[in-house]
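Undergrad: Chain residues, written in single-letter form:
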Amino acid sequence: MRNDTTQLIEKLKSVLDAALFLSGRALQWNNQMSLLGNVPELDSMAIMNVLSALELNFNIMIEDDDINADIFATIETLAEFIHQKQKNQAISFA
Amino acid sequence: MATLVHHLVEETAQHKPYHIALKYRETTISYKQLHTEILFFANKVVDLSLIAGDRIGIYAEKRVETVVAMLGTSKAGCVFVPINPLLKPDQVAFILDNCSISLLVTTLDRLSTLLNILHQCKDLKHIIVMADVSPEIKFQGIKLTLWSELKNVTFKKYPKIIDQDIAAILYTSGSTGKPKGVILSHRNIVAGAISVSEYLELNESDRLLAVLPLSFDYGMNQLTTMFLVGGCVVLMNHLFPKDIITLLDKEKITGLAGVPPLWIQLVQLQWQDSITEHLRFITNSGGHMPKETLASLRNLLPRTKPYLMYGLTEAFRSTYLPPSEIETRQDSMGKAIPNAEILVVRPDGTPCRPEEPGELVHRGVHVALGYWNNPEKTAERFKPCPMQNKCLPITELAVWSGDIVKKDKDGYLYYVGRNDETIKTSGYRVSPSEIEEMFYSSKLVVEVVAFGVPHSTLGHAIYVIVKLTENNSNLSETTLKLECQKRLPAYMVPHFIEITKDNLLRNSNGKIDRKTLSTSRKNQIGDDSAGALK
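Quick note, the sequences are listed as chains Z and L, same order. All you need for the working numbering is the position in the first sequence, starting with 1, plus 33. All you need for the working numbering is the position in the second sequence, starting with 1, plus 2.
Within a straight-line C-alpha distance of at most 30 Å, the following computed DSSO-like cross-link-like pairs (lysine-lysine) qualify:
no.	chain 1	residue 1	chain 2	residue 2
1	L	K90	Z	K44
2	L	K252	Z	K118
3	Z	K44	L	K244
Treat the hints as calculated values from the structure; they're not laboratory data.
Full structure from sequences and hints, please.
TA: So, in structure tokens, the structure goes:
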């Protein structure tokens, strides 16, 4: 389980890096680093790119009602959100 | 009475030391604490041997340190240059260089985005990072200081300044060329705060939610007005509009300032009925609020007073429409704010008759000191005030806005259009040539023209026509758009990119004919281009 989380976080960083054109900067991020406001590339326009990249790469559906600032607080909170999504959607498909 | 920007906090800290000045996430700061933090910052600036009038750039999202740095700069007699946190490294480099910034205050992650451009900024000697651990970065000739090192309370000898001195430089675009730094005196900023808080009837029980960037006059006003009256500013960096509504409710906010695209997003969401019980007023500036949006807002917020405002950075704030007039004149931008005079004049400076379109000219204490190191552009916008008394021997300067308006017989003003090619989008002014330069520097295009086309939610949408270089002739609109997103702040990314194989149309001087091209595309798109936008 622990290993899964680490993998998910590493993948998440590379997805964010590509979606926001960070040229590798995201790979160096600390998992507790604040995303909201602190990453200049993450603005209201780029968030659309990010959401579709997350849907595509993690095979999840993100509804407008799902998302808010708390989810984008840090890498960890975002990873937890994706993890929960994957779990719930796996159940609903079963 | 407050005459300098930092007095706004100092005076309130004396009278109401334990009132809450700022809230950001779970942190609350009283006026007394804020004042202490401002002294810490100012002391460090003095320690770093900066002298009165030196420029300090502040590049960060909204957070307590950003506010402290702005006011601390004022306390140290220096000039603060707030840099829009949406700007990308190239634009930040331009500003750092243009006004010779000697100290940059920023966050760790933003600093890491600037590594490749800092060598271009010859005057930069110091960086203060909003962090408590030292990053493993070394710069030649630049000294790094951590925010956690700002702890020195011992009294310093601060430079003596007066309200005519420069307090801030705010960068804004015009119709041509690079952004220009509007120079604001302490008097401009303090007078702006007094004027706005008078007509909004602000008081110490107000709680303002600051969602607008602090890097332009309307956004900075969120702070200065609240500090003047002793109210509380709740800082917010939002990604999703619905988080704004959540915070309005949670923080029992009494006032919110926005721009049209934000209101358009907000009216599409669910609002708790209770919000209008505490939300005393909302203000709009940075463009005309569409009728339907205003109607929806009034419906969602029946007890909240809407104020429609107009201003340009060069004159800080200019007009507002009192809520009592909104029923009868909702298209109007209102009348002059207290202590300003707004004239509508013909090109020769003679006054227009009622209903006759003319240029809006602003005179009074809010008129800025010009554009930084740019006498030519300053002379175009800051010109002799029309109708000056002949016996008054010293020429008074007023701001000629470039906006065409008309006055009705009761003196209410209505926006007609602009007499130059500035694109007004999402509450920002964008220069077509700044977008064109980005395309040229990408080396993907041989020819490019940018202009604004009318758009129902943004004011203007940005339309670009390009001819690609031979090597890149296979590129798609999508690829070009991605390139723009990489290099431009979101509000400057074009909404329409048209690729053509031909050379662009020329005018009789042999220049690309922006006027004819833009007129033909405007007619093609029609008035409502919302459908083409996602």
